[in-house]
Each structure stands twice: as C-alpha cells, then as structure tokens.
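Take the two lone chains, each set in its own frame, and fit them into one complex as the hints suggest.
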Amino acid sequence: GQQLNQSPQSMFIQEGEDVSMNCTSSSIFNTWLWYKQDPGEGPVLLIALYKAGELTSNGRLTAQFGITRKDSFLNISASIPSDVGIYFCAGLFFGAGSYQLTFGKGTKLSVIP
Amino acid sequence: DARVTQTPRHKVTEMGQEVTMRCQPILGHNTVFWYRQTMMQGLELLAYFRNRAPLDDSGMPKDRFSAEMPDATLATLKIQPSEPRDSAVYFCASGLGMNTEAFFGQGTRLTVV
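Line order of the protein sequences matches chains D and V. Numbered according to the working numbering, the first sequence spans residues 90 to 202. Numbered according to the working numbering, the second sequence spans residues 1065 to 1177.
Isolated chain V (complex conformation) (with noise of 0.2 angstroms):
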C-alpha cells in the first residue's frame, strides 16, 4: 500500500526551538510538495522539488524555513528557530510529475508555544 509517509505526526515544541519535519514520498514519485494548513489560510504550498532539486520555494518565509532532499526517499522541513505563528498542519506531497495530481501524507500537527 504505497503512501506518503510524514514523521512525527505531532509535535509541540516552546517558541525559538529547531524544528524538523520528515515525509518519505511514495517510492518512484519525482515531485515533492510541502503545504502547510490553518483554519484562516487554508492549504498553502510553501515549496516543492523536482527530481530532489528545489523549484520554488517562494511560499516559505525564508529567514527561518529551509526545505531540502536529501536523497530521493527523505524530504525534510525545518523551521529554527520557530515562533507560536508557525502553528499548523504541515503536509507533504508527492507526485509522479508536475502536471499529475499529488498525494499527501497525513501531515504533522505543530503547536509552537
């Protein structure tokens, strides 16, 4: 059963700390998306990757977000130092390409307090 796996599923940390999320794509996919999700947003994309390689990540405050691809089965989020407005479900997605539908992961809930 292939699926987009994130770690953690939650996570609560106190304001000024590093936080780092995880999402294993499905195996094969090339693209993967990173979204973040409030009740007052919505779903916004924050960056994707193609191939491992960074395409845009305009959606992401860059003075303390940074998203990268290790290798093509680990996609990291990492937030430093974080803040109580970071607060929200972080989903990853990923993808066969960039024109076919993407595939989300079960996201992880963060609560910066």
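Pulled out of the complex, with its shape left as it was, chain D reads as follows (with noise of 0.2 angstroms):
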C-alpha cells in the first residue's frame, strides 16, 4: 500500500519560533489534509489541499500541496504553547472506484514557553 514520511518525528522549540514539518510519499495524491490531534481527542483538520501547488494559510499555519503530487509541508509560524499536540499530514488517492486516504506517522511537537 502507499505509504507517507512524515518527518520530523518530534520537536521542540521555544515559544515564538516558527516550525516546518513535511510529508513525503513515493506516490502521488489528489488531495493532501493535515490534521492536529490532542492527547484524548480525535484528530482535527487544520487544512486541506486540493491542487498540486497549492498554497494555502489558515491563520498562523500555511501549507503547500507539493508540484509533483508527492509532498507536502506545513509551516506553523510564531508558536503558542496551544500549538503542542501530534500533526498528521494525510494522503488521499481517489478514482475508478478506489479510495486511500492514508497517515503519515505524525510529528509530535512541544512548545517551551
């Protein structure tokens, strides 16, 4: 099956700092999601990608919808200690019948006031 890296796997930054993290796939998508899940909660969608080279913002987050159909980064800028928790991105391929939306492993971040 298909499947995305995600990386980096952690991090840790100070408050204030912006943060980029990406997603990678041997294959291409029709649409890349990013989503934020908090401990207890299911994950959140943050943004959603539709076109190879999209660029897309949702306040202090911006995420692009890689040229080739096979990556994708997000960019929190000026973290906030709420902007802790797992970011996913999400993969999803869809025609002739057939639909595969999959996860990337996650990016775990945590903000140092």
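Calculated directly from the structure, the hints in this document are not laboratory data. There's no promise every hint is true.
What the hints assert, rightly or not - Quick list of the computed label-pair ranges, beta carbon to beta carbon:
id, chain 1, residue 1, chain 2, residue 2, range
1, D, 186, V, 1078, 23 to 33 angstroms
2, D, 201, V, 1145, 45 to 55 angstroms
3, D, 164, V, 1142, 37 to 47 angstroms
Unchecked claim - Partial selection, computed: residues in chain D whose CB lies under 10 angstroms from chain V:
id, residue
4, 122
5, 126
6, 130
7, 137
8, 169
9, 179
10, 191
To be verified - Output of the computed footprint for chain D on chain V, the stretches with three or more beta carbons under 8 angstroms from beta carbons of chain D:
id, stretch
11, 1095 to 1107
12, 1111 to 1123
13, 1167 to 1175
Ideal Cβ positions, reconstructed from N, Cα and C, are used throughout, including at glycine.
Shown next as structure tokens:
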C-alpha cells in the first residue's frame, strides 16, 4: 500500500519560533490533508489542499501541495503553547472506484514557554 | 455544533468478549470511515461506507470484525471475539464525499485484557 514519510517525528521549540514539517510519498495523491490531534481527542482538520502547487493559509498555519503531488509541508509561524500536539499529514487518492486515505506517523510538537 | 459522536469513550473487556462501538456521523454526511490508531501502526483505515453501503473493508480482519450502518445516523463496528491485540483507539470519521476531508470523532479507547 501507499506509505507516507512524515518528518520530523518530534520537535521541541521555543515559544515564538516558526515550525516546519513535511510529508513525502512515492505515490501521487489527489488531496493532501493536515490534522492536529490533542491527547484523548480525535484528529482535527487544519488545512485541506486540493490542487498541485496550491498554497493555503489558516491563521498562523500555511501548507502547500507539492508540484509533483508526492509531497506537502506545513508551517506554523510564531508558535504558542496551545500548538502542542501531534500533527498528521494524510494523502488522499481516489479514482476508478478506489479510495485510499493514508496517514503519516505524525510529528509531535512540544513548545517551551 | 456539528460533530461526530462515538460511544463508548472507553471500553475494557476480557479476551473473547464481544465489543460493539457506535458512531453517529455528522448529519448530512454520506461517507463514514472507521480507523484504528496504535502507537506502532499509527492510523489505519479499517472500512468505509458511502450512502450506508460498505465500499471497502479490506483493512479489517474479516474473521472477527464487522462494520455496519443500520441507518444514516448510526454506524457500528463489532469485534467478536476480541483479542488483546485489538487494544487500540478506534475512530469514526464522516465526510460529504470520497474526495473531501473527513471529520473525526473523539474515539473509543478499547482495552482487551
């Protein structure tokens, strides 16, 4: 099956710093999704990207759908303590009756006040 | 505040017992997914439904797992008999279609002893 390589696995940063994480795949996707998961909760959608090259922002978050359709990155600017959590990328491929939503292993973000 | 509702939030059961997890998708959503999350494997897609019809359950161990949608407001995931290796957090998610983002419930944390 398809696999996503998400990096880094974990990050420790100072409050106020910018953060960058990315996902790569050997397969192409139609859609890239970025989720955040807090302890004891389900993943919450942050940003959805539908077109190769698309750059989308949601507040302090910015994500891009790679031109090759095989990668995506998420940037968080001016991090704050509530950014702590696990961030997941997910690649969606659909077509010809098939559907595959594959998740990366996650990036655990810790913010030091 | 539309959200996916899962019950129970936590379940501890003995090996061999039947477990049923329930999910109420967001009203109007026609696609329902079941995921399993473990530390080792991350988020794995078990099954998904569109308009209550099962489209793919290849991610599920067929001999013990079954997923159904008795009606548009209820999806169930059943494990019979349960085994310790089934211990995980099970998430239900719903969406408006196959090519759009999925919204997750808070999950059912299952522990099989």
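So which of those numbered hints doesn't the model satisfy? Result: hints 1 and 8 break, sorted rising.
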